[in-house]
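Chemist: Sequence:
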Amino acid sequence: MAAINTNIKLVPILITFFLFELFIGGSGQVFKFFNIPFRQIIFAVILLIFLFDLITRNIRFTVNFISLNIVFILLGVLLSAILGLINAHKASIIIKDVTPMLYFLLYFPLHAYFLKYNITYAYVLRILVHSTVIMSIAVIITFLILNIAFNGDLYIFRAVIEQTIGKDVFWFRANGFVFYPGLVYSLVAAILLFGKLVAYKKLSLYEIFALSLSIFALVISMTKGLILSLAIGFLLLIFTKKTTLMTKMSSIVLCVIITSILFSLFDFSRFTDLSNDTGTNTRIKTIEESTEVINENVILGNGFGTELPTKKFHQENSFIDIFVEQGLVGLSLYLIMFTYIFIRRKVNIDITIAASTVAIMSLTNPYVNNPLGIGLIILTLIFIGNDKVVVHE
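Residue numbers (my numbering): 1 to 393.
Simulated from the structure, these hints should not be mistaken for lab results.
Glycine is no exception: its CB is placed at the ideal position from the N, C-alpha and C atoms.
Treat the hints with caution; some may be incorrect.
[Said to hold, decoys possible] Label-pair distances were calculated between CB atoms; the ranges are:
{"id": "1", "residue 1": "36", "residue 2": "74", "range": "33 to 39 Å"}
{"id": "2", "residue 1": "96", "residue 2": "144", "range": "21 to 27 Å"}
{"id": "3", "residue 1": "261", "residue 2": "61", "range": "45 to 51 Å"}
{"id": "4", "residue 1": "209", "residue 2": "145", "range": "20 to 26 Å"}
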């Protein structure tokens with residue numbers, strides 16, 4: 001029986017599917033086969049092919065500093081799961097904490113295959129741009145249908161959505177705003193495209209279209225974390241890029257004009273009136289509860305499955321969530337990754353800033369310890385961590 005030849009463009013095709021699913025798939029529950037999330041299927045297939053290639057010596061993986069750090073993160077996941085069991089935490093919640101972190105395993109095959117098949121930053125950016133156009137259009141159309149056809153009636157519209165495409169795909173806010181978890185990659189796309197614009201790199205009409213759509217979709221999500229992270233990302237790009245003072249001033253004026261237009265079109269009271277903001281109050285409450293719980297084991301944390309009175313699973317601040325469950329050790333491993341990304345920023349400043357804004361956003365939203373944020377971390381580490389990986393556009 002002939003051996004399986006994994007060189008017949010199977011791996012690049014799988015990686016392309018992986019990228020589209022990561023960028024569009026949101027919470028991972030949108031695309032399913034026989035009720036199994038496609039994210040889990042492609043995760044398993046890529047790992048199995050990589051294992052086969054390692055055994056048959058069809059590919060070699062070179063150990064580097066960041067791969068060792070990820071190995072320690074994965075060992076920390078195992079330790080935190082054991083601590084959770086020792087502390088008699090619910091097994092179901094422990095599993096929910098462990099499974100997202102296993103996404104870090106994909107660093108190893110992706111790092112090797114990006115090198116072997118010369119998968120470039122430009123290729124990944126192209127897929128990201130296509131993805132954000134699809135995703136932004138879906139969010140915008142949903143927003144328009146809700147506010148025009150259903151006159152902003154969330155109760156009826158939510159029932160229609162849940163019957164047609166399922167629960168928890170879109171989240172709806174007061175005044176007819178629409179949030180989709182995958183919009184974090186619209187944020188990333190907007191930052192990377194704006195980075196090209198600030199650096200005098202010509203944007204195609206399609207890229208300008210994608211940039212405009214992504215900004216609009218982020219605004220109508222009316223998500224404080226996304227919009228503030230977008231503003232921070234744009235400012236970082238303006239002031240870190242090696243451009244003339246005139247370019248910096250023009251970029252600031254452009255941002256002010258866009259902001260003024262958006263403020264005139266939409267009600268931003270969700271940002272200005274925090275007195276009755278349930279989300280903000282919940283976040284403050286969980287921080288207070290976390291400071292009480294973490295004292296039980298500052299070094300190693302309380303293990304996966306730790307429940308707080310206010311938030312039973314995955315509190316909104318990713319870093320405090322990591323600190324509570326994995327202690328200073330787990331938090332330090334994350335900080336090492338982001339320190340490394342900062343040190344290597346000159347390799348690709350745009351993707352470094354994109355990763356940094358998602359890290360900033362994770363102060364109020366759970367991204368860097370779930371597949372959406374971990375996927376971006378992996379891509380960032382691949383593109384800035386090895387000089388042999390092609391990073392040009």
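Chemist: Could you run down the list of hints and mark each one as holding or not?
Modeler: Status of the hints after comparison with the structure:
{"no.": "1", "hint": "36 to 74: 33 to 39 Å", "verdict": "violated (23 Å)"}
{"no.": "2", "hint": "96 to 144: 21 to 27 Å", "verdict": "violated (35 Å)"}
{"no.": "3", "hint": "261 to 61: 45 to 51 Å", "verdict": "holds (49 Å)"}
{"no.": "4", "hint": "209 to 145: 20 to 26 Å", "verdict": "holds (21 Å)"}
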